[in-house]
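Colleague: Sequence:
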Amino acid sequence: MSLATITLSAATRDRLKVHAARRGESLGAQIERLLDLADREARFEALRAAIAATPPVALAEYDREASEWLDADLS
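Residue 53 in the numbering used here is what sits at position 51 of the sequence shown, and the numbering runs on without skipping anything.
These are computed hints drawn from the structure, not numbers from a lab.
Backbone N, C-alpha and C fix where the C-beta goes; we use that ideal spot for every residue, glycine too.
Estimated spans, in silico, between C-beta atoms of each pair:
#	residue 1	residue 2	range
1	D65	T14	38 to 48 Å
2	A62	D41	27 to 37 Å
3	L76	H21	44 to 54 Å
4	I33	A60	38 to 48 Å
5	L76	A13	50 to 60 Å
6	T56	S28	36 to 46 Å
7	S11	D73	51 to 61 Å
8	A51	M3	30 to 40 Å
9	R15	A48	27 to 37 Å
Can you build the whole structure from these sequences, using the hints too?
Modeller: Structure (structure tokens):
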């Protein structure tokens, strides 16, 4: 693994250190976790946008099909 140096304000570095210490993580692990959370947030935002862009007819068809599966007697 190669290492890199990044420039942060002292306040940001201190905040990262506090958060990392609370979780017993290194600063690198803390930054990776924050990036993972940002990636997750972006995926959910894309999902929300896709749902919002779904035509009402397609949503109604989805609801109908989901209801059929939920009401199905699978015994």
